Amino acid sequence: MLTILQSGFHYSATEGYGYGSSYSFAIILMVVVTLVGAIVQMRLSAVTRRYSEKPSPRGITGREIAEKMLHDHGIYNVAVTHVKGHLTDHFNPTTMTVNLSDDVYNSATITALAVAAHECGHAVQHATGYGPIRMRSQLVPIVNFSSKVAGWVILAGVAMMSFTNSAALCWVGIALVAISALFALVTLPVEYNASERAVAWLESSGTLGDESLDGAHEALRWAARTYLVAALSAIVTILYYIVLIKSRR
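The opening residue of the sequence shown carries number 7 in this note's numbering; numbering runs sequentially from there.
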């Protein structure tokens, strides 16, 4: 990898200055990750749509399953609330609420139960002091700032290189991008663990039968893979910026 990065820019007597193999490699990686992300997203949409058409046992809704899972884990200080929108489901540790979207809150489908249980998995993580979710919560304000300014800092750094030949500001920008990458990596165990907790409880509580449980597990697996793609994308973005900066020096 170091050799690839070092070959980022070359000079040819016949062609002049140009980008080398490392730039092409970075672009190829970005294209591959983008395609993989599109495939994962399409597969997730297909799976969730399929299980959104399968009714839950006894007509249990997302709200009801969330409340039951929280209570079964001895959690009574987290409220289950309704939020508008599509795919807006989330656990908010600040307000201590599990927020379920239009498609989940009053919906009695396998997909709704899987999503509701997953969000409650985050509430259980918070209640038990699960390390990665605590780290992610601490990173949120930092990431909110770094993600807004990183691109501008790199752009200013590239402009400065034209006058000073110093890439210091560019590397500051890359460090800010790296914070987002760290956040994406920390998010991976948080999301996978929440899904594991959800599936384990859905099985142990007898809420879902084998076929329905398999469906919930499949939907959550594909949802978790979107976070894996996001982490890969963040790493590839860092590589791209490194190659771009080295090629301009």
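Quick caveat, the hints were computed from the structure, so don't treat them as lab data.
Just so you know, these numbers come straight off a predicted model, no measurement behind them.
For glycine and all other residues, C-beta sits at the position ideal for the given N, C-alpha and C.
Check the hints yourself; a few may be wrong.
Dumping the calculated DSSO-like pairs for lysine-lysine here, alpha-carbon to alpha-carbon at most 27 Å [said to hold, decoys possible]:
#1 Lys252 x Lys154
#2 Lys90 x Lys60
#3 Lys90 x Lys154
#4 Lys60 x Lys74
#5 Lys90 x Lys74
Label-pair ranges, simulated between beta-carbon atoms [unchecked claim]:
#6 Ala174 x Phe151: 18 to 28 Å
#7 Arg55 x Ser172: 51 to 61 Å
#8 Val37 x Gly212: 40 to 50 Å
#9 Glu217 x Ala174: 57 to 67 Å
#10 Thr40 x Leu194: 27 to 37 Å
#11 Ser27 x Asn83: 33 to 43 Å
#12 Ser30 x His88: 43 to 53 Å
#13 His92 x Glu217: 21 to 31 Å
#14 Leu41 x Ala162: 53 to 63 Å
#15 Val178 x Ser211: 27 to 37 Å
#16 Pro147 x Arg49: 32 to 42 Å
Here's how the hints hold up against the structure:
A C-alpha spacing of about 23 Å is found between Lys252 and Lys154, which places the hinted pair at or below 27 Å, so the restraint holds. The suggested pairing of Lys90 with Lys60 holds, with an alpha-carbon distance near 23 Å, which does not exceed 27 Å. For a cut-off of 27 Å, the pair hint linking Lys90 to Lys154 stands: about 26 Å separates their Cα positions. Among the hinted pairs, Lys60 with Lys74 is consistent with the structure: their alpha-carbon atoms are about 21 Å apart, no more than 27 Å.
Proposed proximity of Lys90 and Lys74 is supported: the alpha carbons are some 22 Å apart, at most 27 Å. In this structure the hint that Ala174 and Phe151 lie 18 to 28 Å apart at CB holds, the actual value being about 20 Å. Between Arg55 and Ser172 the CB atoms are about 52 Å apart, so this pair conforms to the stated range of 51 to 61 Å. Take Val37 and Gly212: their Cβ atoms lie about 46 Å apart, and the range 40 to 50 Å holds.
Our hint of 57 to 67 Å for Glu217 and Ala174 holds, since their Cβ atoms are close to 59 Å apart. A hinted range of 27 to 37 Å is violated for the C-beta pair Thr40 and Leu194, which are about 19 Å apart. A hinted range of 33 to 43 Å is violated for the C-beta pair Ser27 and Asn83, which are about 56 Å apart. A beta carbon spacing of about 49 Å between Ser30 and His88 agrees with the range 43 to 53 Å that was offered as a hint.
Separation of His92 from Glu217 is about 26 Å and conforms to the stated range, judged on CB atoms against 21 to 31 Å. Between Leu41 and Ala162 the beta carbons are some 32 Å apart, a value that contradicts the proposed interval 53 to 63 Å. Roughly 50 Å separates the CB atoms of Val178 and Ser211, a value that falls outside the hinted 27 to 37 Å. Pro147 and Arg49 have their C-beta atoms about 33 Å apart, which keeps the hinted 32 to 42 Å range intact.
Of the numbered hints given earlier, the model fails hints 10, 11, 14, 15; all others are met.
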